[in-house]
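Q: Residue numbers (the numbering used here), protein chains in the order written: chain A, 1 to 122; chain B, 1 to 95; chain C, 1 to 110.
Treat the hints with caution; some may be incorrect.
Now the in silico label distances, taken between C-beta atoms and shown as ranges [what the hints assert, rightly or not]:
1. B:79 x A:54: 45 to 55 Å
2. A:88 x C:86: 28 to 38 Å
3. A:7 x B:22: 47 to 57 Å
4. A:18 x C:53: 50 to 60 Å
5. A:88 x B:77: 22 to 32 Å
6. B:29 x A:24: 35 to 45 Å
7. A:114 x C:9: 49 to 59 Å
8. C:11 x B:5: 49 to 59 Å
9. A:24 x C:19: 36 to 46 Å
10. A:60 x B:85: 31 to 41 Å
Note that these hints are calculated values from the structure, not bench results. Built from N, CA and C at the ideal position, the CB exists for glycine as well.
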Amino acid sequence: MSHRVKSYAIINTSASFDSLKGKESLDAALILASYEMPVSLFFIGDGVYQTINAQSAETIQAKDYIATFKALGFYDIEDIYVCNDSLDARNIATTSVLADAQCCDKHLIKSKLEHCDVVLTF
Amino acid sequence: MKPLPPTIHLIRTSAFADNKLQLCIDTLGVNDELFLLDDGTYNVNHALLTNLSNPVYVLDEHLTSRAVSAAEFEVINYVDLVQATVKAGKVITWQ
Amino acid sequence: MAISFNGQEIATDKQGYLLNVSDWNEELAAILASDENLTLSEEHWQVVNFVRNFYLEYKTSPAIRALTKALKAEYGEAKASSRYLYRLFPKGPAKQATKIAGLPKPARCI
Chain A
1 MSHRVKSYAI
11 INTSASFDSL
21 KGKESLDAAL
31 ILASYEMPVS
41 LFFIGDGVYQ
51 TINAQSAETI
61 QAKDYIATFK
71 ALGFYDIEDI
81 YVCNDSLDAR
91 NIATTSVLAD
101 AQCCDKHLIK
111 SKLEHCDVVL
121 TF
Chain B
1 MKPLPPTIHL
11 IRTSAFADNK
21 LQLCIDTLGV
31 NDELFLLDDG
41 TYNVNHALLT
51 NLSNPVYVLD
61 EHLTSRAVSA
71 AEFEVINYVD
81 LVQATVKAGK
91 VITWQ
Chain C
1 MAISFNGQEI
11 ATDKQGYLLN
21 VSDWNEELAA
31 ILASDENLTL
41 SEEHWQVVNF
51 VRNFYLEYKT
61 SPAIRALTKA
71 LKAEYGEAKA
81 SSRYLYRLFP
91 KGPAKQATKI
101 AGLPKPARCI
């Protein structure tokens, strides 16, 4: 076994304010990144709702973790993939809050996931 | 070269209630294996699994407790499940 | 826990971080700094204000790596090195600067 650093994939499948999963997922990503672990983020299914621009968590007195997405670059989290098929199915135009996000189809997401050592879903 | 050990996917919810099984199938590799646990065992009767060519295993206790039968799938016990997770290349839990 | 300030009680957590970001002002920052045995110079203020603006924009207190990377983008290498920041905030730049800036403790902090 090699001792190279493991790479992590975090898959988001929950909408922005559906339970605390979105916030927990982001915390996990930032913790891993703070310890210099390579982290990629994936948004599929209802998870794509997290990426929509101009959401306002304050309106429903929720924690505005969406604002923190804009700081991901400072944590060296730059591999961010949003599923086109899920966006299309939900009639979402691609105005993403995530500057570095790439929209890609599920086949590309599948192949990106294959290259990660550990996969977490939220 | 030795082929990579398969990725195994643990499905814990019913596809009649959410789309986790669909999301899993969307990203499934050809050699990946599915394990149905908890309410995921209800998926033995879901159309999504009808034409799937990947191996599907169902945890006996979770099936039996729900009085669900799974004639078309391989039924396994806890020991089988643990052995599979140990041998797997990686484990993805859909929950 | 609380700090007395101008006849008011300002609520803090056990470690002295303000509970409400909006209670903060520059005079209070000086008091928070003196609790850390620091006298705020212009260099300290630059970091404190930067950290506070980071929080107001991104809704999170930056941990040290993110702080140095963001500072570097804004003010260049010299103002962002760990060495420089630890000279200003010997007990940890992210910890101390966020406290003085009236922010919650960074959750992922070293």
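Q: Confirm or reject each hint.
A: Structure-based check of each hint:
no.	hint	result
1	B:79 x A:54: 45 to 55 Å	51 Å, holds
2	A:88 x C:86: 28 to 38 Å	49 Å, violated
3	A:7 x B:22: 47 to 57 Å	26 Å, violated
4	A:18 x C:53: 50 to 60 Å	31 Å, violated
5	A:88 x B:77: 22 to 32 Å	42 Å, violated
6	B:29 x A:24: 35 to 45 Å	27 Å, violated
7	A:114 x C:9: 49 to 59 Å	56 Å, holds
8	C:11 x B:5: 49 to 59 Å	53 Å, holds
9	A:24 x C:19: 36 to 46 Å	22 Å, violated
10	A:60 x B:85: 31 to 41 Å	39 Å, holds
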